[in-house]
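2 protein chains.
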Amino acid sequence: MEREAQKVLVSSIRRLIRAEQIPQLKRVVAKTHSADLAACFGALTIGQQLTVLRHVPTDAARGDILSELEPSILSNLIEEVPDTELSAILSEMPNDDTNYVLQVLDDDRSALLLEAMSDEHQSEATSILAYESDSAGALMVTDFLAFHQEVTAGEAVRVIQEGADDAEIVFYIYVTNEIGQLVGVTSLREVVQQPTKKALKEFMIPDVIRVNVDTDQEDVAKLVAKYNLLALPVVEGANELVGVVTVDDIIDVIRHEANEDMLRMAGAGHEQDISVYRNPWENARTRLPWLASGLLTGVVGMLVIHMWSHLLDRLILLAAFLPLLFALSRNVGLQSATIVTRAIAMGQIEFGRLGRVVLREFVVGLICGGVYGLVAGLVAASYSFYTTSSVELASVFALSVSGGVVSAMLVSTLAGTVLPLLFERWKLDPATVGGPFFASSMDVISAAIYLGMASAILG
Amino acid sequence: MEREAQKVLVSSIRRLIRAEQIPQLKRVVAKTHSADLAACFGALTIGQQLTVLRHVPTDAARGDILSELEPSILSNLIEEVPDTELSAILSEMPNDDTNYVLQVLDDDRSALLLEAMSDEHQSEATSILAYESDSAGALMVTDFLAFHQEVTAGEAVRVIQEGADDAEIVFYIYVTNEIGQLVGVTSLREVVQQPTKKALKEFMIPDVIRVNVDTDQEDVAKLVAKYNLLALPVVEGANELVGVVTVDDIIDVIRHEANEDMLRMAGAGHEQDISVYRNPWENARTRLPWLASGLLTGVVGMLVIHMWSHLLDRLILLAAFLPLLFALSRNVGLQSATIVTRAIAMGQIEFGRLGRVVLREFVVGLICGGVYGLVAGLVAASYSFYTTSSVELASVFALSVSGGVVSAMLVSTLAGTVLPLLFERWKLDPATVGGPFFASSMDVISAAIYLGMASAILG
Numbered sequence: 001m002e003r004e005a006q007k008v009l010v011s012s013i014r015r016l017i018r019a020e021q022i023p024q025l026k027r028v029v030a031k032t033h034s035a036d037l038a039a040c041f042g043a044l045t046i047g048q049q050l051t052v053l054r055h056v057p058t059d060a061a062r063g064d065i066l067s068e069l070e071p072s073i074l075s076n077l078i079e080e081v082p083d084t085e086l087s088a089i090l091s092e093m094p095n096d097d098t099n100y101v102l103q104v105l106d107d108d109r110s111a112l113l114l115e116a117m118s119d120e121h122q123s124e125a126t127s128i129l130a131y132e133s134d135s136a137g138a139l140m141v142t143d144f145l146a147f148h149q150e151v152t153a154g155e156a157v158r159v160i161q162e163g164a165d166d167a168e169i170v171f172y173i174y175v176t177n178e179i180g181q182l183v184g185v186t187s188l189r190e191v192v193q194q195p196t197k198k199a200l201k202e203f204m205i206p207d208v209i210r211v212n213v214d215t216d217q218e219d220v221a222k223l224v225a226k227y228n229l230l231a232l233p234v235v236e237g238a239n240e241l242v243g244v245v246t247v248d249d250i251i252d253v254i255r256h257e258a259n260e261d262m263l264r265m266a267g268a269g270h271e272q273d274i275s276v277y278r279n280p281w282e283n284a285r286t287r288l289p290w291l292a293s294g295l296l297t298g299v300v301g302m303l304v305i306h307m308w309s310h311l312l313d314r315l316i317l318l319a320a321f322l323p324l325l326f327a328l329s330r331n332v333g334l335q336s337a338t339i340v341t342r343a344i345a346m347g348q349i350e351f352g353r354l355g356r357v358v359l360r361e362f363v364v365g366l367i368c369g370g371v372y373g374l375v376a377g378l379v380a381a382s383y384s385f386y387t388t389s390s391v392e393l394a395s396v397f398a399l400s401v402s403g404g405v406v407s408a409m410l411v412s413t414l415a416g417t418v419l420p421l422l423f424e425r426w427k428l429d430p431a432t433v434g435g436p437f438f439a440s441s442m443d444v445i446s447a448a449i450y451l452g453m454a455s456a457i458l459g
Numbered sequence: 001m002e003r004e005a006q007k008v009l010v011s012s013i014r015r016l017i018r019a020e021q022i023p024q025l026k027r028v029v030a031k032t033h034s035a036d037l038a039a040c041f042g043a044l045t046i047g048q049q050l051t052v053l054r055h056v057p058t059d060a061a062r063g064d065i066l067s068e069l070e071p072s073i074l075s076n077l078i079e080e081v082p083d084t085e086l087s088a089i090l091s092e093m094p095n096d097d098t099n100y101v102l103q104v105l106d107d108d109r110s111a112l113l114l115e116a117m118s119d120e121h122q123s124e125a126t127s128i129l130a131y132e133s134d135s136a137g138a139l140m141v142t143d144f145l146a147f148h149q150e151v152t153a154g155e156a157v158r159v160i161q162e163g164a165d166d167a168e169i170v171f172y173i174y175v176t177n178e179i180g181q182l183v184g185v186t187s188l189r190e191v192v193q194q195p196t197k198k199a200l201k202e203f204m205i206p207d208v209i210r211v212n213v214d215t216d217q218e219d220v221a222k223l224v225a226k227y228n229l230l231a232l233p234v235v236e237g238a239n240e241l242v243g244v245v246t247v248d249d250i251i252d253v254i255r256h257e258a259n260e261d262m263l264r265m266a267g268a269g270h271e272q273d274i275s276v277y278r279n280p281w282e283n284a285r286t287r288l289p290w291l292a293s294g295l296l297t298g299v300v301g302m303l304v305i306h307m308w309s310h311l312l313d314r315l316i317l318l319a320a321f322l323p324l325l326f327a328l329s330r331n332v333g334l335q336s337a338t339i340v341t342r343a344i345a346m347g348q349i350e351f352g353r354l355g356r357v358v359l360r361e362f363v364v365g366l367i368c369g370g371v372y373g374l375v376a377g378l379v380a381a382s383y384s385f386y387t388t389s390s391v392e393l394a395s396v397f398a399l400s401v402s403g404g405v406v407s408a409m410l411v412s413t414l415a416g417t418v419l420p421l422l423f424e425r426w427k428l429d430p431a432t433v434g435g436p437f438f439a440s441s442m443d444v445i446s447a448a449i450y451l452g453m454a455s456a457i458l459g
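Heads up: the protein sequence lines correspond to chains A and B, in order. Under full-length UniProt numbering, the letters of the first sequence match residues 1 to 459, in that order. Under full-length UniProt numbering, the letters of the second sequence match residues 1 to 459, in that order.
In isolation and in its complexed conformation, chain A is listed as follows (with noise of 0.2 Å):
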């Protein structure tokens, strides 16, 4: 939905709410999308909120917009949604949106609304709810499509036919043997194409590409991106099959991960703590500790710097050079520590040839120290001799802030590169290398570099 229907839509939601205009809301709401609704959703008051939610037509549909809730609007809506109603939601919710609202709530009310669903459905919840929160068993449905080696393409598609299944995921058909385990899959298209006699074990494709309930969501979300998948079955213990992780989610996995890169270097806090929208003093909350990193590398700037007063008295020109280091080599580090990550992510790093990009990352950071070295000279020169006159202290000025420049920014291209590679080693996240702390720390390092440097030709 486009931005100026949004606002359309909004603003007639409003405006029937404050003119009591149930019938045409009821009208409004059940003619929308309910992801178009859901988006609304930030942009009306709670109540307002809870007034469409009453007014959508069925519990189904009432599922569906909770689903597309941003975890911070979800949260704050659902205090107020009263039990009878929020487990009528829920029991006609597929079981992976049941155990996305169940993780936002807290522990005694969601154990509450387990107790008052039906028993399949409550054995379905909890089962999900026990898998780690970031692994294919919780983002995986178990309504699925699957059949028995031995049935044919006929009884499977009379079975469809009669609508007899629930599954959402109906272009890709399992299937398994007699233990409920995975030997093969196919496709609906292939089911009706098929001569009706023909057994599914006949034509299915046997090699399935699977995932287990514990894999972690990254590695499914990159499994469907390689192979180009629609859904992915899950198994669990002996290759029984247990769910199927549909293409929809692994968008949302892609979409959240990239957010929660980009927050971690900027250092912002994880994507379910932050909202623009939220108590100003919550978010400092959440953002303060971040800043840290940056108050303690400041103090040891703050030393490392000091140590070298003498020097700095003797000539307050130098202290002027540090914007200037501090920009270059803190973004060359950046630019190295963000291609290696990224290419970390893409899959592109072969660990077997790490000292080639090393290297290659060494020369980079060679020829950019040098180029930026050379100009960065130049103009300590120009503006040194232009100040003092001096056409000796120009050239050792310039000596020292070129030194410094190229070996601050050599240094740091190559932290920017080895760290994220020893960070993936010891499976610690990559992305935290192109974060805060990391540039402050170049920070720190460069002035060190630069002003030892400096007192070595300085004298």
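Possibly wrong hints are sitting among the right ones.
[Unchecked claim] Derived pair list, reagent style PhoX-like, types lysine-lysine, alpha-carbon separation capped at 25 Å:
id, chain 1, residue 1, chain 2, residue 2
1, A, 222, B, 226
2, A, 222, A, 427
3, B, 7, A, 427
Note that these hints are calculated values from the structure, not bench results.
Based on these hints, arrange chain B on the given structure of chain A.
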């Protein structure tokens, strides 16, 4: 494919080629998924890549491999593939993949290859090449399943059963009128479940979410993500159905857009220009211009600091607090810029109520600035008292540092909030604000505020 499995594959391919065991190589290649083969290409020499490609069983499978390669690997490889071979492969590729390969080629060769294609393929390829490279038109496939609205469910199933179509996607079935306009959508499952005599128009969904050929790929991706679609029809002119964008291509778009955003925030150039395995000279040439912003702001910073050199001459400790000031103000500004940019990207910003967002971030800036300004002031007081033993100096100095940190952080927060919103309104990319130019500019502005304030307080 797991990293270990991929290593094994790479080393057996290398070994088989070295030993010239071609029958075995053919067997390995034939049983490996094209996505897995493509993933190996980065670790093979061009010669090895060519050998593998020649032993892939069909041109269609060769096409699959080419379409999975990263641009930098693809462009090196196809330089070495003779025109006749390449044109045979291109004829077997879906048109969106043909498009991807042709865009990597230089214009002369791509024109030559286009001429060698069959007429039908040629006109498809040229018409797609005519669309903007980031538009729905360039992303769509033109082989899709569409029936006239008067066709019955039974007839539709029969056409599919006969396999007459070569459409890639057969979960959605699009419905058109006499003049090819898109009037509805249904699914293969619906068609199988409905009575055979029922015309498609009687059970199709008439409100089809669609895009135009010139819709930007980011907007296409947003629609697919929002409405959980598996494919999205593309129309041209007066609503004429001309193609379909499938979800697997959307996943690529989302991953690449996220990648581009991160590279932009690091000032590291565009995705297609950057590869850890490319020649370092070329990589350096790509990165050098992005570092210029650091030089530029660095020179301005030098002038600003030098302007207050009389102050620094008197109290060199002021310079020692520059890294702390820079780290804190840059980071708090980057937090705001990233949070606001991501909120825009995720569609959470309501442009009618911008004041609220800005006000909230102002409060956040005030809180964060206040907390860290206080701590920085305490550090300044203790350290300066420790080094000079003068209570008077320590207190005015602490006041200068404190005031400078608070004001610089507040200004940085506001700039980080307002600039992405303005960029979005001016139709520029808000992610640019998270980039190095912003960070370095914040250094300069912070230095000016800090030294100006110190000068006022210290007299």
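These are the hints, each one checked on the structure:
1. A:222 to B:226: holds (20 Å)
2. A:222 to A:427: Judged against 25 Å, a Cα distance of about 17 Å means the pair holds.
3. B:7 to A:427: Distance of about 19 Å is within 25 Å: holds.
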